[in-house]
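Colleague: For reference, the chains in residue letters:
Protein chains: 2
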Amino acid sequence: MSAVFTEFDLMRDLNKTGGKIVLLVMDGLGGLPMTPDGKTELESAHKPNLDRLAAEGSTGLSIPIRMGIEPGSGPAHLSLFSYDPVKYQIGRGVLEALGIGFELGPNDIAARGNFATAAPDGTITDRRAGRISTDECVRLAAKLQQATGAMFDGYEVIVRPVKEHRFVFVLRGPGLGGDLTETDPLVTGLPPLPVEDNSGTPEGAKTARLINEWVAQARVVLADEPKANSLNLRGLAKDPGLPRFPEIYGMRAVALAVYPMYKGVARLVGMDVVNFEGERPEHEIAALERCWNDYDSFFIHVKKTDSYGEDGNFEAKVHEIEAVDAVIPRILALQPGALIVTGDHSTPAKLRSHSWHPVPTLLWSPTAMPDPVRLGGQDAAFGERACAGGYLGLFHATNLIPLVMAHAGRLTRFGA
Amino acid sequence: MSAVFTEFDLMRDLNKTGGKIVLLVMDGLGGLPMTPDGKTELESAHKPNLDRLAAEGSTGLSIPIRMGIEPGSGPAHLSLFSYDPVKYQIGRGVLEALGIGFELGPNDIAARGNFATAAPDGTITDRRAGRISTDECVRLAAKLQQATGAMFDGYEVIVRPVKEHRFVFVLRGPGLGGDLTETDPLVTGLPPLPVEDNSGTPEGAKTARLINEWVAQARVVLADEPKANSLNLRGLAKDPGLPRFPEIYGMRAVALAVYPMYKGVARLVGMDVVNFEGERPEHEIAALERCWNDYDSFFIHVKKTDSYGEDGNFEAKVHEIEAVDAVIPRILALQPGALIVTGDHSTPAKLRSHSWHPVPTLLWSPTAMPDPVRLGGQDAAFGERACAGGYLGLFHATNLIPLVMAHAGRLTRFGA
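Heads up: the sequence lines are chains A and B, in that order.
Going by the numbering used here, the first sequence opens with residue 26, and the numbers climb by one from there.
Going by the numbering used here, the second sequence opens with residue 26, and the numbers climb by one from there.
Calculated from the structure, these hints are not laboratory results.
One should not assume that every hint holds.
Which copy is meant is left open, so a pair is good if it fits within one copy or across any two.
What the hints assert, rightly or not - When the alpha-carbon atoms are kept at most 25 Å apart in a straight line, the in silico DMTMM-like pairs for lysine to aspartate or glutamate are as follows:
1. 188 x 336
2. 45 x 109
3. 41 x 109
4. 112 x 34
5. 188 x 264
6. 41 x 335
7. 45 x 204
8. 188 x 160
9. 45 x 95
Just chain A, with the same shape it has in the complex (with noise of 0.2 Å):
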């Protein structure tokens, strides 16, 4: 036991073996009906499926962050992961690099890079250089990596590519940190900013002057580039060594995911990352089969809900949400001791953005509660609004993972 006891000593001290556990991530589920008297996304699919699960478990709805925050990816996942995300901050570089399936050390600072396109006098005309061809991008920061690799005497510069406009920069040595600003100045007809470190610490303002000299000479090395002649970054940060999961949990951990960001973040906190072949839900249900076997709890992302409520497409984020529910009775077949089915956060396609709202949640196992089917005036079992008289109430996402073990049977009693 540490000198103070936190809730993370709580669950090493309680978790034991049990039945295994999925988490089913719809990124972005949550969403808003688009006139008052309609039905959001969610209650508007037909997913016999879910329906069933939701009357036969417990529902509720999860707080990603605190009441009112809205929630960017990373955190959003880190508190499913059961991770206060207020309390533990990762830098948007770090999540890109571990993306990629980069393996960050100990001495190196990362950074989300976009490459950009600027006027002649350096102020930015594109943020994202016009989207740029993925094939663009690999061929830039290979020609980046082979001008700038070695330009410092006893630190290392990393470059490489993740899709379209976006790379990954790492700067690795001894003596690296700080608490470091972007250079995106956000808008277009601005320059780019310096980068500027806010520790007062010597590694700070140290880390700060390689990496100012690191985008002058990029710059140059782009300056005959047609689109993608300049670049900023931004999240600059290091691997913040967060606590592991599989250590704290006792389970073995594994993250099935089509997006760079949402391995990134399983691999941040030490999930393994299996790769599979195809996009859709199907292809990752494919992949939790062939690996049930070796893990305990498989954490499935699915992204395209998020990314048509991004659009404004609900009829897509509920067709979505339709593929979803017809691969559950293939989790089921495997015979999970319990399941969650949950967003990150919500993306109502009336609001086109990520939003605060809380996120409709199902647990379901032989052990949960069946709820009261509360429909709210809504036909919908498993909704936002059948969900907010749900048994497990409004609740911090960080709670999910000790209830789903709870359900599992993989948690001791607390005390005599």
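Knowing the structure of chain A, use the given hints to seat chain B on it.
Modeller: This is chain B only, laid out in the frame that chain A set:
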């Protein structure tokens, strides 16, 4: 005001005189339906008085420890008394000692002792010595007291019977302490373990050494016993010196309970304990009536609901709830300012065990908001799923005492 202003400081500032409060606890009250479309024990019970109180008062679901955590009896009761059990952790030995009315002092280390049966090689063959009779327990404890009570210079050994195979061991003397492990191997076929100290302090090392010497000598004393020829010590601990309930809340507080554990927890927070003849709810209420004028706050503990849940006896648990319902009019006749009816945790007959499910809770008072009676297809006003839609929502059990005090007019305004 102390350096860190706590919730208890708030209560010290705000408490005032007012109506009397009653906390009626049916141990393990929460349950589950045996089939997904069935009713829980509480929903099944014919309990017109409790249903009426629920309809006139407010209901909700309380979380004893944390969401997903299965509570032990000690911490679950601390939570009802408003002490966060993750913050205030108490050894089983302390609870056991207080439960038999033993006056634990600041120099005492207490343990729960279990008489056990051992093979000739010392391995444990029955961890409960065939559940010997309480008479046998009394004889054996006296034998150990006689033979080992004065075996140390400067330290006193006290051995007291509890019931069946259980006894209390206390080592009393200066400079005892540490973070001590248990001797019980928890499964048969293994030898007992030595007590070890994890604190790394001189006190801990000395205490472990003395207790190991006592255990060895006690096994010699018991060697010729046919069943109870060995023993184990569990939950070695000191009185944690909790803040006093009567002082925090400005109430004369009493506990009415049959079983030692619950008297023990009540004493630990400074409540008086009134002993009485009989073990049924009506005997407890008779005791309540006798001491009504002497106290402001009354904790009444009903054990059998939990026992029947542990036995998997759904019907007997239902009947015990009905027996409690029958005495409700006698409580109301005393005209309490506010009354809470709840459990310390759930013990669903379906699971034959304590469980993590939140606990149905009702708060009745002339100042309470009458609940919307949402039956959710279940025809009981006081039931798990009706409470899930109750006005009090889902809340931590530590809020109950402030809530019931407010309803009884015992808290002043916070701020001007």
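Colleague: Does each hint fit the structure? Answer for all of them.
Modeller: Going through the hints against the structure:
1. For the homomeric pair residue 188 and residue 336, the shortest alpha-carbon distance inside one copy (19 Å) is at most 25 Å, but the shortest distance between copies (60 Å) is not.
2. Within a single copy, residue 45 and residue 109 get their C-alpha atoms as close as 23 Å, which meets the 25 Å cut-off; across copies the closest is 30 Å, which misses it.
3. Both within a single protomer and between protomers do residue 41 and residue 109 lie at most 25 Å apart by alpha-carbon distance, with minima of 23 Å and 24 Å respectively.
4. Taking the shortest Cα distances, residue 112 and residue 34 sit within 25 Å of each other both inside one copy (16 Å) and across copies (12 Å).
5. Only within a single protomer do residue 188 and residue 264 lie at most 25 Å apart by alpha-carbon distance; the minimum there is 22 Å, versus 55 Å between protomers.
6. In this assembly of identical chains, residue 41 and residue 335 lie within 25 Å of each other by CA distance solely across copies; the values are 21 Å between and 40 Å within a copy.
7. In the homo-oligomer, the alpha carbons of residue 45 and residue 204 never lie at most 25 Å apart, since the shortest distance is 40 Å inside one protomer and 34 Å across protomers.
8. Only within a single protomer do residue 188 and residue 160 lie at most 25 Å apart by alpha-carbon distance; the minimum there is 8 Å, versus 77 Å between protomers.
9. Proximity of residue 45 and residue 95 under a CA criterion of 25 Å is satisfied inter-copy only: 18 Å between copies versus 31 Å inside one chain copy.
Hint 7 from the earlier list is the only one contradicted by this structure; the remaining hints agree with it.
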